[in-house]
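Asker: Residues per chain are reported as follows:
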Amino acid sequence: MGNDRYDAIVVGAGPAGSAAAMTMAKNNMSVLLIERGEYAGAKNVFGGSVYRQPIEILIPAFWEEAPLERPVVSDELWLMDNDSAVKIGFTGLKFAKPPYNKFTAIRAKFDRWLADKAVKAGTRLITNTLVKDLLYEKTGIFDRKVSGVILESGDRIYSDIVILAEGVSGNLVEKAGLREKITPDDLTLYVKEILELPSGKVEERFNLEKNEGASIGMVGYPSSGAIGKGAIFTNKDSLSIMVGAYLNQIIDKGLNPHLLLKRLKQHPMVKRLIEGAKTVEFQAHTIPKGGYEQIPQLSAPGVMVTGDAAIMISGRRGTDLAMLTGMFAGEIAAQAKAAQDFSGEMLASYDRKVKNSFFMKDIAAGKGAKKYYELHPDADFLLSKAANDAAYDYFTVDLLSFNIKLEKIMGELKNMQPLPKTASDLYHGYLHWGVF
Amino acid sequence: MGNFLKTAENPLDYVEIKTDGTSHISIKEPRLCKEQCENKPCTYYCPTRVFYWDGDTQNIQVIYARCVECGACPYGCPHGNIDWHFPAGGYGVLYRHG
Ligand SMILES: Cc1cc2nc3c(=O)[nH]c(=O)nc-3n(C[C@H](O)[C@H](O)[C@H](O)COP(=O)(O)OP(=O)(O)OC[C@H]3O[C@@H](n4cnc5c(N)ncnc54)[C@H](O)[C@@H]3O)c2cc1C
Ligand code: SF4
Ligand code: SF4
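These protein sequences, in sequence, are chains A and B.
Note that the numbering used here numbers the first sequence so that position 289 is 522, with each residue one more than the last.
Note that the numbering used here numbers the second sequence so that position 97 is 194, with each residue one more than the last.
Extracted from the complex, chain B is given alone in its bound form (with noise of 0.2 Å):
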């Protein structure tokens, strides 16, 4: 499948995120990505995408702030890897037409 990072179109653009600046999202033990997740699921499950493999660092990025808080992580990551938890109260992703 392609990569919409790349395409014209972004899920990210008909939705709003409000971020108060810290992440609520992180990676448990990055080494564990590099050394022993091959297919890095985290990449492609994500609707939003919200974790990228740079690498450049060898490592996933992660931003927190294209999260919609779909409820996948922390179940989608194989080795339950991902430290994941809501946003603060108020912030994070507000729909209108849910």
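The following block holds chain A by itself, in its conformation from the complex (with noise of 0.2 Å):
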């Protein structure tokens, strides 16, 4: 293997991966970054969006360079019934400007960039490598510390410090003990499919001009009565299609995701977006929903914890947060390697980094959601479907006077479920939607 020995091991070489490998090799350290995939991206999977503020913390001006898809302007979030939907949203045009708000892309492109990028900051990368285990040294009687990683192929790896970057899996976080077993309300799982779309039938569909994107959140009838999500990005010449729920209320419910998908795909107001559109991929992938609860130890001796791993997520942020706590572990490793300490309090300065960040705050406040649709599983559903026959009543032309038909309104939301209920439910969608 060469060299068997490194300042820092990173493993995955997803955002977060590539992030604190950048961000060491910057800082003179001998980087070596390890993904199992063919490239990097190979493997991965998101909506998605990047946004624009915390990436160009570790990379100034990026959308100069990186392979993007459209800058988004426009945003709705869809409450939709099976022949209806009450949309929300906001278009702004100020977004198709530098310095823009954040750009649809694709992951298998942006990934293998943001591992160049790596590369080319010094970084070793080796790809089609499955790492099995951590390796140890004592440091004490009762005290070890990772010293390095251990292949497949049975080979080891020496180093100061490793960076896990694995991803939502964290096999290696929860061996090394740092995690405990997560059940399936922590996850949701997304199918997705990329649907071929000439560029001109995009903007004329979704009403863009050329250097223009939109994204669509969709809630209620896409779940099939779970709590989740279905969602449309328009990229350059495609889209992506996605549904999704809870794990456990997928379980639970007896739904299979490939058929929900194919189910919103069917929907009259999908329908006429994606008519004619060939699918080209269909992907699959989970995403740690676990929240403040859930996030693992995030650095022990000569160990640190990032991106989904970390369980970083905060609504549909995760992407930009994998690579912020990549590039704060970098910069910690790199304080460590400086004053020749990898110990514990040292890396711990890692924690108390991620700790008071802003998103941190975010994951925290978001800690009641999980909670909530555990009681109230049709939450979405029930609030979806207020809204449509609400709205179809407010907007049916007919013969009642305004107060009347106002009344009527709030007399058939009540029937519903009691008004309570509805705010509450409309509160903790407001939490669990996120932006998009």
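It is worth saying that the hints were derived from the structure and are not from the lab.
Quick caveat: nothing in here was measured; it's all calculated off a predicted structure.
We treat Cβ as the ideally placed atom computed from N, Cα and C, and that holds for glycine.
Treat the hints with care, as some may be off.
Said to hold, decoys possible - For the chain A half of the interface with chain B, some residues (derived, Cβ under 7 Å), not all of them:
id	residue
1	269
2	271
3	275
4	362
5	363
6	401
7	480
8	483
9	512
10	514
11	517
12	519
Said to hold, decoys possible - With a straight-line Cα cutoff of 30 Å, these simulated DSSO-like cross-link-like pairs (lysine-lysine) come out:
id	chain 1	residue 1	chain 2	residue 2
13	A	495	B	115
14	A	638	B	115
15	B	125	A	414
16	B	115	A	469
17	A	604	A	486
18	B	137	A	638
19	A	342	A	486
20	A	604	B	137
21	A	603	A	654
22	A	594	A	320
23	A	603	A	586
24	B	115	A	498
25	A	486	B	131
26	A	330	A	434
27	A	342	B	115
28	B	115	A	408
29	A	638	A	654
30	B	115	A	511
31	A	371	A	408
32	B	125	A	486
33	A	486	B	137
34	A	342	A	504
35	A	570	A	259
36	B	137	A	498
37	A	504	A	443
38	A	641	A	320
39	A	365	B	115
40	A	604	A	408
Two independent chains are provided; combine them into the complex using the hints.
Answerer: What follows is the structure, encoded as structure tokens:
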């Protein structure tokens, strides 16, 4: 394997791993980045869009060189029923110009580009290689420190620091005893298709100009009674369409994710957007939604945990939080190297940095959502139904006076479920739906 | 819900999976599936239907070559009866448009 000792080894070349590797390489550390896929991004799936402000911290003006699809100017949330949708949205054309707000992207291209940035900064990347376990050295009678990794070939590679960026599976995090076993209510499972559609058609159907993109988040109908979401994102000449829900609810309600997607594609309001588009890829991936309570121990002697492996998810933000936590871990690793101190106390400054971040406050604020939806798994469905029934009444041109009409709508809303429950569903929806 | 193994549209027509001839998925205790697992959720939560109940042998059959490593296994089995590992480096699903 040539050089079998590095300052740092990073497991996984997703956004977290590449950001960590790049940060350390820029600080003149010798870094090995190990990826099990054929290339960085070969195993990775997201919605999705990447957000400008957080990523810019790592790579200023990244949009000038990164493989991005379209800058998003239009966001909609659809509360859907069988043949209707209440739409909430915003279009801001300022977002079509630098410095932009967010961009749709394809992970197979984006992750590859980011890993390449790490390589250009001096990282050594090896692909097609699975890390099986961590290596330890004794530092006292009861104490040990992570000192490298074991590959599936049995090869051992040593380093002062290992950064775990292995994504949602968190196998090594678990093996290292840093996190507890997760359960199906900590995960959402999504399936997605890439549908090829000529760029002119994308623009026509989504009311966009050439260099503009749109995203639509959908609740209610798509997840068929489970708490989940559907979404459509516009790429340059394709659409990403997806649907998913909490894994425990998929199991309890007997749902098959692929059939949910098929059903969403047949919804009359979705069908017209994707008409004639050709499926070019099917994908499936989980998201760690466990939230605040599930966040593992973020560091131990010689090791730090970043990105999805550390459950750094807030609403739809994940890629950016992965990159930020990767960068934080890289910075602390550089400090540790300068001080030649890889102890638990030294690396605990990474935990503090993450815990004081803006996104940790959001993750902590989302705390109640999981419990709420465990108690009220039908909240999104009821809310979407109520909103659509009320909207049908409201927009129907009928023979009632306006006041009588409003009374009727309120009466129907109360009939469906008590108003405080509707307000509470709406509040938790607001917390849970997040940005797209 | 219908069974897509019996419909014309199959998600596996649209995804590349490289297999090396060794299964990375196995059932730990086949009797448990038969005797204690009424709904057999693995047969429907898996997006690409890696698992199916074989009435003849009274066993869950595993077609590992259909797995897209979504991450739902091993958490989806209520009895923790699925032994799931990553496929060997370089094998398994290969996305071009993730
Ligand atoms: C359907 C869906 C929609 C999403 N939408 C959005 C969105 O719109 N915006 C957003 O910001 N985020 C979104 N996310 C979340 C985002 O994708 C993740 O938060 C992000 O990918 C996490 O990055 P990561 O680097 O931590 O992990 P990953 O991207 O999962 O990367 C982990 C890497 O490690 C490798 N690996 C794992 N184990 C090993 C091992 N033992 N040895 C070697 N290599 C290994 C994997 O192959 C992989 O390349 C979405 C996620 C999903 C599933
Ligand atoms: S869910 Fe688990 S126990 Fe049930 S049939 Fe599948 S593998 Fe067996
Ligand atoms: S990991 Fe996902 S795709 Fe693979 S067998 Fe399990 S549910 Fe199916």
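Asker: Does residue 480/A hold up as a contact with chain B if the rule is Cβ-Cβ below 7 Å?
Answerer: holds, 6 Å
Asker: Is it true that the CA of residue 125/B sits at most 30 Å from the CA of residue 486/A?
Answerer: holds, 25 Å
Asker: Does the structure keep residue 638/A and residue 654/A at a Cα separation of 30 Å or less?
Answerer: holds, 22 Å
Asker: Once the shortest beta carbon distance from residue 401/A to chain B is found, is it less than 7 Å?
Answerer: At about 5 Å, which falls below the 7 Å cut-off, the nearest Cβ of chain B leaves the hint on residue 401/A intact, so it holds.
Asker: Once the shortest beta carbon distance from residue 514/A to chain B is found, is it less than 7 Å?
Answerer: With a minimum Cβ separation of about 4 Å from chain B (threshold 7 Å), the hint on residue 514/A holds.
Asker: Check whether the Cα positions of residue 604/A and residue 137/B lie no farther apart than 30 Å.
Answerer: Satisfied, since the Cα-Cα distance of roughly 26 Å is no more than 30 Å.
Asker: When you check the alpha-carbon spacing of residue 342/A and residue 486/A, does it fall within 30 Å?
Answerer: violated, 36 Å
Asker: Hey, residue 594/A versus residue 320/A, does the alpha-carbon distance stay inside 30 Å?
Answerer: holds, 29 Å
Asker: For the pair supplied as a hint, residue 342/A and residue 115/B, is the alpha-carbon distance within the 30 Å limit?
Answerer: holds, 20 Å
Asker: Let me know if the C-beta of residue 512/A comes in closer than 7 Å to any C-beta of chain B, holds or violated.
Answerer: holds, 5 Å
Asker: Residue 638/A and residue 115/B were given as a pair; does the straight-line alpha-carbon distance stay at or below 30 Å?
Answerer: violated, 61 Å
Asker: Starting from residue 137/B, check that the Cα of residue 498/A is at most 30 Å away, please.
Answerer: Distance ~27 Å between residue 137/B and residue 498/A Cα, so the pair holds.
Of the numbered hints stated above, those contradicted by the structure are hints 14, 18 and 19, listed in ascending order.
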